[in-house]
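Engineer: Here is how the chains run, residue by residue.
2 protein chains.
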Amino acid sequence: MKMTHKKNILVGQSGGPTAVINASLYGVIAEGKKHPEEIGTVYGMVNGIEGFLHDACINLSDHLSPEELELLKQTPAAYLGSCRYKLPEDLSSKLYPLIFHKLEQLNIGYFLYIGGNDSMDTVSKLSRYGQCQGSSIRFIGIPKTIDNDLTNTDHTPGYGSAAKYVAATVREMVLDASVYHQKAVTIIELMGRHAGWLTAASVLARKEAGDNPLLIYLPESDFDLEQFACDVKAALERQPSVVVCVSEGISDKNGVFICEYDNAAQTDSFGHKMLTGSGKVLESFIRSRFGVKVRSVELNISQRCSGMVLSRTDMEESAAAGAAGVQAALNGATAQMVAMKRADGPSYEIQFQMKDVEQICNQEKKFPLEWITRSGTDISPEYAAYALPLIEGEVERKMKDGLPVYLYRTRSGGGGLCQN
Amino acid sequence: MKMTHKKNILVGQSGGPTAVINASLYGVIAEGKKHPEEIGTVYGMVNGIEGFLHDACINLSDHLSPEELELLKQTPAAYLGSCRYKLPEDLSSKLYPLIFHKLEQLNIGYFLYIGGNDSMDTVSKLSRYGQCQGSSIRFIGIPKTIDNDLTNTDHTPGYGSAAKYVAATVREMVLDASVYHQKAVTIIELMGRHAGWLTAASVLARKEAGDNPLLIYLPESDFDLEQFACDVKAALERQPSVVVCVSEGISDKNGVFICEYDNAAQTDSFGHKMLTGSGKVLESFIRSRFGVKVRSVELNISQRCSGMVLSRTDMEESAAAGAAGVQAALNGATAQMVAMKRADGPSYEIQFQMKDVEQICNQEKKFPLEWITRSGTDISPEYAAYALPLIEGEVERKMKDGLPVYLYRTRSGGGGLCQN
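Which chain is which? The protein sequence lines are A and B, in order.
Under numbering that gives the first Met the number 0, the letters of the first sequence match residues 0 to 419, in that order.
Under numbering that gives the first Met the number 0, the letters of the second sequence match residues 0 to 419, in that order.
One or more of the hints may lead you astray.
If chains are identical, the list can't say which one is meant, so a pair holds when it fits in one copy or spans any two.
Below, simulated SDA-like cross-link-like pairs (lysine to any residue); rule was C-alpha separation at most 20 Å, straight line [as the list claims (entries may be wrong)]:
1. K93 - S379
2. K33 - H4
3. K399 - A384
4. K340 - G209
5. K32 - E236
6. K397 - L387
7. K206 - A228
8. K206 - S379
9. K364 - G375
10. K252 - E369
11. K182 - T409
Hint data in this document are derived by calculation from the structure and do not stem from the laboratory.
Produce the complete structure using the sequences and hints provided.
Structural biologist: Spelled out as structure tokens, the structure:
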């Protein structure tokens, strides 16, 4: 009987949410359904590997209607829930046989994990343990991160939509910052603790050459307060409204984060140290130095969870990456991550290829120093050529009663339509 | 000759930007063009009455193409620039004859000012001065504010789009806040120093009954820290992820703003007092009291300048309010504001009517106390019935290269297309 050869898929989401991590989940489920002779059920871990350890798991093949599946594709955040859970380094930990026992109980043949470099570490450990044990389960990583910091891939699913959100929002904030005719500095703090990819996207906000944001600072360059003061002074001489974009992770030449410049003695009314961002620190600095109107804005979690300006390219690539992971697993791949290679030539084209997850996990791809201009305050046109294809294309959002409709898990564990 | 009877329009924008203040400007220009026998040119003050005092003024009739005019309608922030400028209380100030001299030089017959209650104060003063002088210039206010705090009108243009942005964004942040399976509190701080209208819109974010945001606090109720601790404790017992929405302007029973609870001794490294929001203060409080994961998010200026989730209803009403202002001026009205009256009956319908600007300027319409539930932590369904029609309808945004295209003034003072 052929039936006995069928294996099930187990898919999970891990790490921080993105606008399109669910599009990759959609890709896994949709591709899974296309191979009824080889694949039985697609199961989803609830809250990643951590939840799976507590048997939190749902059947994704049965409970999502075709309409819900389409909605999943454009729903931000992580439908299955996520975790930040590091498996033990020691492969002789009791956790590994426990996990594999659970995998066998569910007749899992293909384990797909959607996440960033920490999640690739999970894929790596499980596949190494499995290999030792002679397990036939295949472990595949599907990349996801707004930080765009995974190595061995042209870019990561999630980055295009986040970059688009940043560029569109900064463009709007520049319009807002320009309405008054007075000297004013607006500092926009963007996500990216170690890599400046997302902050770099703010350069795309410019409507024309010489437009705001006039100054852009990434964590890859050393940040110097006095140089910053000079930069702002020169910018204010050029035009009254100056918009500055900084990464949350800018640091000085000694590696001290600018957000740590905050007075060490500073505690709040409740006796705790207040957590301050780099934007807030620079806001205070500029106010005390120049006495001009200053405002700092932290773009915050909308960068990773807004579904309002999805990049169609990013959404479709994320779905395709999920599907490519299933195909690769069926073809025998394991301990691999789905990577993207950009084809040479004038038009943008992406090929999927499998890369050794060992080469990717726990690594970071920094923003190229040669794309930061010599002044350290601007991004070169090579970046725009790289990034513009990634933010291209619009998604027609599903709306009801004036608000976006999203798919979410109801408390019973099933799938429910997120509606008013 | 009929020509000599023609008068010109002068239109300005004042106060904080909104997503649709330019739609009202569009309405003024478009309506102005419809009366070629009575109206000559539509001039725009650059940076409101303050700019006009320095002769900053552009011809809006000639320099905007039909395509640009359409783009103006969906461009957020203030195309003409804005100001926060209060005219002298003393009508014998030399400023008044100066302004009227400039108005006469430009052959202005109709002065239209788009703004909130401070701007209505400008309309009031100019019309009072004009009346004394026997001037025939008609002064009309066109309402605009995301705060929805103008009296004598059902709601204000700008509120619908801001409320929609708040509801949609909070809905997305709730999805984001729910991905991890751990106790966590997310505090979202919303605009509205004295009136809670915008914070109330967060109730529309709920996907179903009992959904987040579980707690909503408006400035209209006294805020008590200990009661807040009880509320949060109870909410955390119900579910692990608790989202709280607070207005920036919540204050205690003595009228002290919660954002002022910040330790008075707290200065930054540069010797200045750090400015902290109510969300940040509550974040510290919850962290010290409960030791759970807490994050505070300030929605910030995107509430007023995002063009990504415009309400079509709001945009069309804003344009119609601008047109109604021109019509009223032509019909002889002066010292009046365009107001909106909601028709009785089951379907939503708005009638424009003119209201005495004297009754409106320098007043604030608070959120009705009877729409705040007895616990002071929730909003009653009457509000949703009031607000849902205002956020209804989508606008097809003009996009290019993956980013929104907006109209903006080039430095030469003309109109230029905001493109990459």
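Engineer: None of the hints should be skipped; say for each whether it holds.
Structural biologist: Quick rundown of the hints versus the structure:
1. For a Cα distance limit of 20 Å, the shortest separation of K93 from S379 qualifies neither inside one copy, at 51 Å, nor across copies, at 52 Å.
2. Taking the shortest Cα distances, K33 and H4 sit within 20 Å of each other inside one copy (16 Å), while across copies they are farther apart (75 Å).
3. Taking the shortest Cα distances, K399 and A384 sit within 20 Å of each other only across copies (15 Å), while inside one copy they are farther apart (36 Å).
4. For a Cα distance limit of 20 Å, the shortest separation of K340 from G209 qualifies neither inside one copy, at 33 Å, nor across copies, at 45 Å.
5. For the identical chains of this complex, K32 and E236 are neighbours neither inside a copy (61 Å) nor across copies (39 Å), given an alpha-carbon limit of 20 Å.
6. Proximity of K397 to L387 under the C-alpha cut-off of 20 Å is restricted to the inter-copy arrangement: shortest distance 17 Å between copies versus 25 Å within a copy.
7. Taking the shortest Cα distances, K206 and A228 never come within 20 Å of each other, neither inside one copy (25 Å) nor across copies (47 Å).
8. Taking identical chains as interchangeable, the C-alpha atoms of K206 and S379 lie at most 20 Å apart only when both belong to the same chain, with a minimum of 16 Å there against 43 Å between chains.
9. For the homomeric pair K364 and G375, the shortest alpha-carbon distance inside one copy (19 Å) is at most 20 Å, but the shortest distance between copies (49 Å) is not.
10. Taking the shortest alpha-carbon separations for K252 and E369, only the intra-copy value of 18 Å comes in at or below 20 Å, while the best inter-copy value is 57 Å.
11. Proximity of K182 and T409 under a CA criterion of 20 Å is satisfied inter-copy only: 18 Å between copies versus 50 Å inside one chain copy.
Hint check: violations occur at hints 1, 4, 5 and 7; the rest are consistent with the structure.
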